[in-house]
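Engineer: Now for the letters of each chain:
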Amino acid sequence: MKRLMTALLLSASASAGAEEMRHSMHHGFFYGLQADALEYRYGDSGEELGYWSTEAWWGTDELKALWLSEAEYDFDHDSWETLDNRLALQTPVSDFLDLRGGLRFDTPDGENRHYVFVGLSGLLPYWLEMDSNLYLSEHGDLSLDLALEYELLLTNRLHLTPELEFDAALSDDEAVGVGRGLRGMEAGLRLSYDLLDRAVVPYLGVHYERAFGRSADFAVQDGEDRDGWFAIAGVRLMF
Amino acid sequence: MSSSALLSALALLPALSWAGEYRLTVDEVTIDTGDFRKQGIGYNGASPGPVLRFREGEDVTIHVTNNLDEPTSVHWHGLILPYQMDGVPGLSYPGIAPGETFTYRFPITQSGTYWFHSHSGFQEPDGAYGAIIIEPNGREPFRYDREYVVQLTDKHPHSGDRIMRNLKTSADYYNRQQQTVGDFWRDTREQGLAATLKDRLMWGDMRMMSSDIEDVQGFTGLINGKGPEQNWTGLFKPGERVRLRLINSSAMTYFDVRLPGLKMTVVQADGNNVQPVTVDELRIGVAETYDVIVQPKEDRAYTVFAESMGRSGFARGTLAPREGMLGEIPELRPAPLLTMADMGMAHAGMDHGSMSHGDMADMDDSGINHDDMAGMDHGSMSQGRAAELPADPFYAEGSGLVPQAYNDGRFLSYADLRAQKPLYEERKPTREIELRLTGNMERYTWSINGIKESDAEPIRLQYGERVRFKFVNETMMTHPMHLHGMWSILDVGAGQWNPVKHVISVAPGTTVYMETEVDAPGKWAFHCHLSYHAAAGMFRTVIVEGGPEGGDS
Numbered sequence: 001m002k003r004l005m006t007a008l009l010l011s012a013s014a015s016a017g018a019e020e021m022r023h024s025m026h027h028g029f030f031y032g033l034q035a036d037a038l039e040y041r042y043g044d045s046g047e048e049l050g051y052w053s054t055e056a057w058w059g060t061d062e063l064k065a066l067w068l069s070e071a072e073y074d075f076d077h078d079s080w081e082t083l084d085n086r087l088a089l090q091t092p093v094s095d096f097l098d099l100r101g102g103l104r105f106d107t108p109d110g111e112n113r114h115y116v117f118v119g120l121s122g123l124l125p126y127w128l129e130m131d132s133n134l135y136l137s138e139h140g141d142l143s144l145d146l147a148l149e150y151e152l153l154l155t156n157r158l159h160l161t162p163e164l165e166f167d168a169a170l171s172d173d174e175a176v177g178v179g180r181g182l183r184g185m186e187a188g189l190r191l192s193y194d195l196l197d198r199a200v201v202p203y204l205g206v207h208y209e210r211a212f213g214r215s216a217d218f219a220v221q222d223g224e225d226r227d228g229w230f231a232i233a234g235v236r237l238m239f
Numbered sequence: 001m002s003s004s005a006l007l008s009a010l011a012l013l014p015a016l017s018w019a020g021e022y023r024l025t026v027d028e029v030t031i032d033t034g035d036f037r038k039q040g041i042g043y044n045g046a047s048p049g050p051v052l053r054f055r056e057g058e059d060v061t062i063h064v065t066n067n068l069d070e071p072t073s074v075h076w077h078g079l080i081l082p083y084q085m086d087g088v089p090g091l092s093y094p095g096i097a098p099g100e101t102f103t104y105r106f107p108i109t110q111s112g113t114y115w116f117h118s119h120s121g122f123q124e125p126d127g128a129y130g131a132i133i134i135e136p137n138g139r140e141p142f143r144y145d146r147e148y149v150v151q152l153t154d155k156h157p158h159s160g161d162r163i164m165r166n167l168k169t170s171a172d173y174y175n176r177q178q179q180t181v182g183d184f185w186r187d188t189r190e191q192g193l194a195a196t197l198k199d200r201l202m203w204g205d206m207r208m209m210s211s212d213i214e215d216v217q218g219f220t221g222l223i224n225g226k227g228p229e230q231n232w233t234g235l236f237k238p239g240e241r242v243r244l245r246l247i248n249s250s251a252m253t254y255f256d257v258r259l260p261g262l263k264m265t266v267v268q269a270d271g272n273n274v275q276p277v278t279v280d281e282l283r284i285g286v287a288e289t290y291d292v293i294v295q296p297k298e299d300r301a302y303t304v305f306a307e308s309m310g311r312s313g314f315a316r317g318t319l320a321p322r323e324g325m326l327g328e329i330p331e332l333r334p335a336p337l338l339t340m341a342d343m344g345m346a347h348a349g350m351d352h353g354s355m356s357h358g359d360m361a362d363m364d365d366s367g368i369n370h371d372d373m374a375g376m377d378h379g380s381m382s383q384g385r386a387a388e389l390p391a392d393p394f395y396a397e398g399s400g401l402v403p404q405a406y407n408d409g410r411f412l413s414y415a416d417l418r419a420q421k422p423l424y425e426e427r428k429p430t431r432e433i434e435l436r437l438t439g440n441m442e443r444y445t446w447s448i449n450g451i452k453e454s455d456a457e458p459i460r461l462q463y464g465e466r467v468r469f470k471f472v473n474e475t476m477m478t479h480p481m482h483l484h485g486m487w488s489i490l491d492v493g494a495g496q497w498n499p500v501k502h503v504i505s506v507a508p509g510t511t512v513y514m515e516t517e518v519d520a521p522g523k524w525a526f527h528c529h530l531s532y533h534a535a536a537g538m539f540r541t542v543i544v545e546g547g548p549e550g551g552d553s
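If you read the sequences in order, they're chains Z and P.
All the letters of the first sequence, read from the start, carry residue numbers 1 to 239 under UniProt numbering.
All the letters of the second sequence, read from the start, carry residue numbers 1 to 553 under UniProt numbering.
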């Protein structure tokens, strides 16, 4: 990680030097701010949750620094169910795929965890968006996930987006409710409308979560459900 | 020339001398397209800026004062001049700092229609452009009674910086012509499920879009700064011959230009006289100019209609005998789609039996090539009506972009262009340089030979050589390639009659050659003139070594 950071800094300073030399038509650095989801979830047993998934990036075509954030807030118990922030570096490894690596900080209410992670994200054939990561926790536990997404264009502004995510662990980490094996899946379906360019995109949808195996047992022990359906309403933002 | 045009020429010229002095200020301006108003950049308080009128043989002095709070520059597009006067920051000079005045001094050695624009950041898409008319020394080989500049542009509500950032974040940000579920059902009805599915899977496998023709949609087409509703109008007396100086100053948009009911006789391309060719419609690439002569004979209004190549927008103006008259505004024709031929896959040996001849005929009757597989299916193609149209060698065989005139008449092709008088003696090129036009649409990176300008070595040419450039377009976009400082002699197979241009448009899936007499020492820019492609890196520095002034290095 330290090496990666050094690489970023070196590359940034080298590019900044080059920037002065280059003629002014050229632009090297860009940034982006996106909220893929900023949503309200209403569960099948009456629970109310807030959820976000955001990304901020800065960098060049070759190297980007990312801040990724994902959180789930339980309004009934006023508690963070999930609070996952990541700092990462990203570089292209093929025409359509990026390699990411960095640190993940899980700081929900309850037990915290830190991880290093490495992942691949990008576009698979047939327009499947993919994001897959391998995590190593501070206690040496390995886990991985895979998320797939497809955007179906009902019209050029009305989109139907199915999503599917799987989580698996190679060892138990009972303190954070993780059981070895396939531990959970999430599926979502969002109907969105590009209200203002692609900058403001409200949506409605459904979300389903299910825990498997020992992870499901841990959830039940904690008084949670093995699975749950949610109705969702939210907005996607891009600046 | 009419007396009013002469008067306006006199008004613009400080004196009819051989050493004119001109002043330009670079200003923040408000641009009103009729559809929206935005802050932009202009010259002498307006966008577009003034029409600069020079004389061949004149020594011009142009004082450019930068009233912006950022550096600027002015590039005289298509003009042959010393490289220090070419106006590219970092190559010609450092640029013009805020509050400063830079004085350009150079001799005018040519005539024709040109334009000027900022070469800094995205000031040109933001409005920093104007027209140049250079009167020839001698008589022109064509006659006209009056003339108008028709300067086209694609004014977008977003700033250039924002557009670039959006494209880098999501390359299809502005594409609102993507294939939808509805298109899938329509194609299934027309071509069958198997063919439609196969088509979508092929594009999906490549992760590319057949609708990817215009990167930046959502613009309003302007003529001389006026939107379709504001209706720029040029007056004529029936029977007069009217010279239209067409200039495409767009950031990103090719226009298909026509005046329904009138033939256009093309007399100049990129400022140089060509052997007259009469057409019904022409496609003007970004940064190109064409001079055409029309002769409206009836006492009625004629619409000047310029549809974007991807049909996502249009510019409109009017030629009329009196102010306030309106011509009919045609409907936009359906958007074309790229084919496998445009992907450079025409000979990739795809399934030739997948489509019946009947399907092909249906598609051809619609006037556009809906079917993405047409390019691959040469056997069927020859049965369709498309085969009866003269093929345009400057498009890939079976390309979805091949233009067709609105009235099924003649559409100008590069292949129609012949120089009126050879500018150079014909001779063999001393060497060939291959430039592959490359990029990654999904990442919105653009390059030459796979290398962006920021990582590239300059192209070094020797003064006195004649270089043959081979453009191989490996992308799905059309690139208008512009070499500063020296002429681009487009190879249309006509030898010494090959037309002399400053922009060479290279369609997807094609290879195009141009030759350049290396007769201008110094540092020059060579780039795709699509603003966001150039900024992304489809750009090269050309260094001409040696020569009378010793060059630069």
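Some hints here could point you the wrong way.
Simulated coverage check for chain Z against chain P, where a stretch passes if three residues somewhere in it have a Cβ under 8 Å from a Cβ of chain P [as the list claims (entries may be wrong)]: (1) 29 to 36; (2) 83 to 96; (3) 134 to 146; (4) 223 to 234.
Have a look at the derived ranges for each label pair, beta carbon to beta carbon [stated by the list, open to error]: (5) Z/Leu204 - P/Glu474: 38 to 46 Å; (6) P/Ala97 - Z/Asp78: 19 to 27 Å; (7) Z/Asp78 - P/Thr188: 50 to 58 Å.
Reference excerpt, derived from the structure (chain P facing chain Z, CB under 8 Å, subset only) [unchecked claim]: (8) Arg139; (9) Arg143; (10) Lys168; (11) Thr169; (12) Gln177; (13) Asp205.
Read the hints as simulated data drawn from the structure, not as lab findings.
For clarity, every value in this text was computed on a predicted model and none was experimentally measured.
Where a beta carbon is used, it is the ideal one built from N, C-alpha and C, also for glycine.
Engineer: Hint by hint, note whether the structure agrees.
Structural biologist: Evaluation of the provided hints:
For the segment 29 to 36 of chain Z, the stated coverage by chain P holds: 4 residues have a C-beta nearer than 8 Å to a C-beta of that chain, and at least 3 were required. Three residues within the 8 Å Cβ limit are the bar, and the segment 83 to 96 of chain Z against chain P gives 3, so the coverage statement holds. Restraint check on the segment 134 to 146 of chain Z versus chain P: 0 residues with Cβ-Cβ distances below 8 Å, three needed, restraint violated. Remark: the segment 223 to 234 of chain Z is not confirmed as covered by chain P, as 0 of its residues place a Cβ nearer than 8 Å to a Cβ of that chain, below the required three.
For Z/Leu204 paired with P/Glu474, a C-beta distance near 42 Å keeps the hint of 38 to 46 Å intact. One distance hint, 19 to 27 Å for the beta-carbon pair P/Ala97 and Z/Asp78, is violated here, with the actual separation near 56 Å. A hinted range of 50 to 58 Å for the beta carbons of Z/Asp78 and P/Thr188 is consistent with their spacing of about 52 Å. About 39 Å separates the beta-carbon of P/Arg139 from the nearest beta-carbon of chain Z, more than 8 Å, and the hint is not met.
Checking P/Arg143 against chain Z by beta carbon gives a least distance of about 40 Å; that is not within 8 Å, so the hint is violated. The interface hint given for P/Lys168 is met, as the beta carbon of that residue sits about 5 Å from the closest beta carbon of chain Z, less than 8 Å. Given hint, P/Thr169 at the interface with chain Z, holds; its Cβ is 4 Å from that chain's nearest Cβ, closer than 8 Å. With its C-beta approaching chain Z no nearer than about 7 Å, P/Gln177 sits inside the 8 Å limit, and its interface hint holds.
Taking 8 Å as the C-beta cut-off, the interface hint given for P/Asp205 holds, the closest approach to chain Z being about 5 Å.
Of the numbered hints given earlier, the model fails hints 3, 4, 6, 8 and 9; all others are met.
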